[in-house]
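Protein chains in written order, with this note's numbering: chain E, 1 to 119; chain B, 1001 to 1278.
Bear in mind the hints are in silico, worked out from the structure with no lab data behind them.
Do not rely on the hints blindly, as some may be mistaken.
What the hints assert, rightly or not - Pairs of lysine-lysine, BS3-like flavour, derived with a Cα cap of 30 Å:
{"hint": "1", "chain 1": "E", "residue 1": "Lys80", "chain 2": "B", "residue 2": "Lys1071"}
{"hint": "2", "chain 1": "B", "residue 1": "Lys1071", "chain 2": "E", "residue 2": "Lys62"}
{"hint": "3", "chain 1": "E", "residue 1": "Lys62", "chain 2": "E", "residue 2": "Lys10"}
{"hint": "4", "chain 1": "B", "residue 1": "Lys1264", "chain 2": "B", "residue 2": "Lys1207"}
{"hint": "5", "chain 1": "B", "residue 1": "Lys1053", "chain 2": "B", "residue 2": "Lys1108"}
{"hint": "6", "chain 1": "B", "residue 1": "Lys1115", "chain 2": "B", "residue 2": "Lys1147"}
{"hint": "7", "chain 1": "B", "residue 1": "Lys1089", "chain 2": "E", "residue 2": "Lys80"}
{"hint": "8", "chain 1": "E", "residue 1": "Lys84", "chain 2": "B", "residue 2": "Lys1087"}
{"hint": "9", "chain 1": "E", "residue 1": "Lys80", "chain 2": "B", "residue 2": "Lys1113"}
{"hint": "10", "chain 1": "E", "residue 1": "Lys80", "chain 2": "B", "residue 2": "Lys1108"}
{"hint": "11", "chain 1": "E", "residue 1": "Lys62", "chain 2": "B", "residue 2": "Lys1077"}
As the list claims (entries may be wrong) - Which chain E residues face chain B? A few, computed with CB under 10 Å, are given here:
{"hint": "12", "residue": "Ala43"}
{"hint": "13", "residue": "Gln47"}
{"hint": "14", "residue": "Asp81"}
{"hint": "15", "residue": "Ser82"}
Cβ atoms here follow ideal geometry from the backbone N, Cα and C, with glycine treated the same way.
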Amino acid sequence: MKIAIPVDEKRMDSPVCISFGRTPFFMFYDTQTKEATYFDNSAFNTQGGAGIKASQMIVDEKADVLITMRCGENAAQVLKDSVKIYKSIEGNAKENIDAFENGKLNLLTEIHPGFHNHG
Amino acid sequence: MKIAILSGKGGTGKTFASVNLACVAQKAVYLDCDVEEPNGHLFFNPQNITKQKTTVLLPEINNDKCDGCRKCVDFCKFNALAFVSGKVKVFDEICHSCSGCFLICPQKAIEEKPKQIGMVQTGYFNNVKVVTGIMNAGEASGVPIIKDVLKMSDDDALTVIDCPPGSACTVMESIESADFCVIVAEPTVFGVHNFLMVYELVTLLKKPFGVIVNKVESFENQMKELCDKNQINIIEQIPYSYELAKLTSMGKIAVEESEEIKKKFVNILEKIKSEVKG
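Please take these sequences and the hints and turn them into a complete structure.
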């Protein structure tokens, strides 16, 4: 199983990024091999639709699970068919993965309407 | 001649200035580009109204023709498209109607369908053609409506463009064709702060401009201090007045009610005309 997490830094003990769409990096963690790979988030700097673009990457990388603090409705629309979204808890990325594997994370139920700032 | 009236924040008196300026001209077109909350019509109560729809084009994917090449998704700079479960998904409210996906699709699997996002209402009050842009609630961008409103200007009349507040895309669109910009600002610290944002915009766009300081009180005028210090042209200062506030709250046009105010606005218009003629 592949887990995606928005992270501030490219390391296992990085804090989970408070933003999903505009996180600088995504960590993809393979629960079988116990290996983490890191991707730059191309939506980091985008003017609009960051959640959509970031979600596209999660879907394309075939992640099964996303652990995030929050998620907007457009992102949720892209993710809903193939990715389960869990709400992150306090602690770093590694601690969140452990919590997930021990069944201690809850599904993210609050999908916010987005922070769109259209000019 | 086209004059755009703008301000860094709402409530400074853009509509007050625009409506009154239009009324003192021989012949004028008043364009309300504050499409999220147009309120000039409340003063004019225009007659013989005609309405025209504003639409934008949104992509619609023909899934029988789409082969999933994703060229459209990669092309879209607004991230309005995603490719999920073998299909292209369109996010209408993110789309800027640039037609890029429609043009780039090798399979011709994208059609463009019009969607109404608002309307332009035109009516008349004495010597003023009153044009009002109205955006539907929930729409993301008023720019297409503003473009339609601006088409209603008249070359042989004074065109007064009542802009949206702030300095975003909608304001840039509204002032693009203007010969002169009038920034309405309040004399307070807050007024100065908001003025500076718009000041930066008109300077960047190299627009000739002047300032109307509105709601001036005797004890504080930081706008005047700022303008004096930076050699910014103050066209007029309008005192804070109970009478004006009352007229405005009753939906009355000040220049129609007060000779004193009328003189001020005639003067403002003359000053702007001489500035434009240079």
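Now the hints, each set against the structure:
1. A hinted pair counts as satisfied when its Cα atoms are at most 30 Å apart, and Lys80 of chain E with Lys1071 of chain B qualifies at roughly 23 Å.
2. The hinted pair formed by Lys1071 of chain B and Lys62 of chain E meets the criterion: a straight-line CA distance of about 20 Å does not exceed 30 Å.
3. For the proposed pair Lys62 of chain E and Lys10 of chain E, the alpha carbon gap of about 20 Å is at most 30 Å, so the pair holds.
4. Using a Cα cut-off of 30 Å, the hinted pair Lys1264 of chain B and Lys1207 of chain B holds, with the two alpha carbons roughly 23 Å apart.
5. A threshold of 30 Å between alpha carbons decides the hint, and for Lys1053 of chain B with Lys1108 of chain B the separation of about 28 Å falls inside it, so the pair holds.
6. Straight-line distance between C-alpha atoms of Lys1115 of chain B and Lys1147 of chain B comes to about 16 Å, which keeps the hinted pair within the 30 Å bound.
7. Between Lys1089 of chain B and Lys80 of chain E, the direct Cα distance comes to roughly 12 Å. Compliance with the 30 Å bound is thereby established for this hinted pair.
8. Our distance criterion of 30 Å between C-alpha atoms is met by Lys84 of chain E and Lys1087 of chain B, whose separation comes to about 19 Å.
9. Annotation: proposed proximity of Lys80 of chain E to Lys1113 of chain B holds, straight-line Cα distance about 26 Å (limit 30 Å).
10. Distance hint between Lys80 of chain E and Lys1108 of chain B is fulfilled; the C-alpha atoms sit about 28 Å from each other, no more than 30 Å.
11. Of the supplied pair hints, the one linking Lys62 of chain E and Lys1077 of chain B holds, its CA atoms being roughly 23 Å apart against a limit of 30 Å.
12. Checking Ala43 of chain E against chain B: minimum C-beta separation of about 7 Å stays under 10 Å; hint holds.
13. For Gln47 of chain E, the interface hint holds, the least distance from its beta-carbon to any beta-carbon of chain B being 7 Å, beneath 10 Å.
14. Checking Asp81 of chain E against chain B: minimum C-beta separation of about 5 Å stays under 10 Å; hint holds.
15. Annotation: Ser82 of chain E was flagged as interfacial toward chain B, and the flag holds, the nearest CB pair being 7 Å apart, inside 10 Å.
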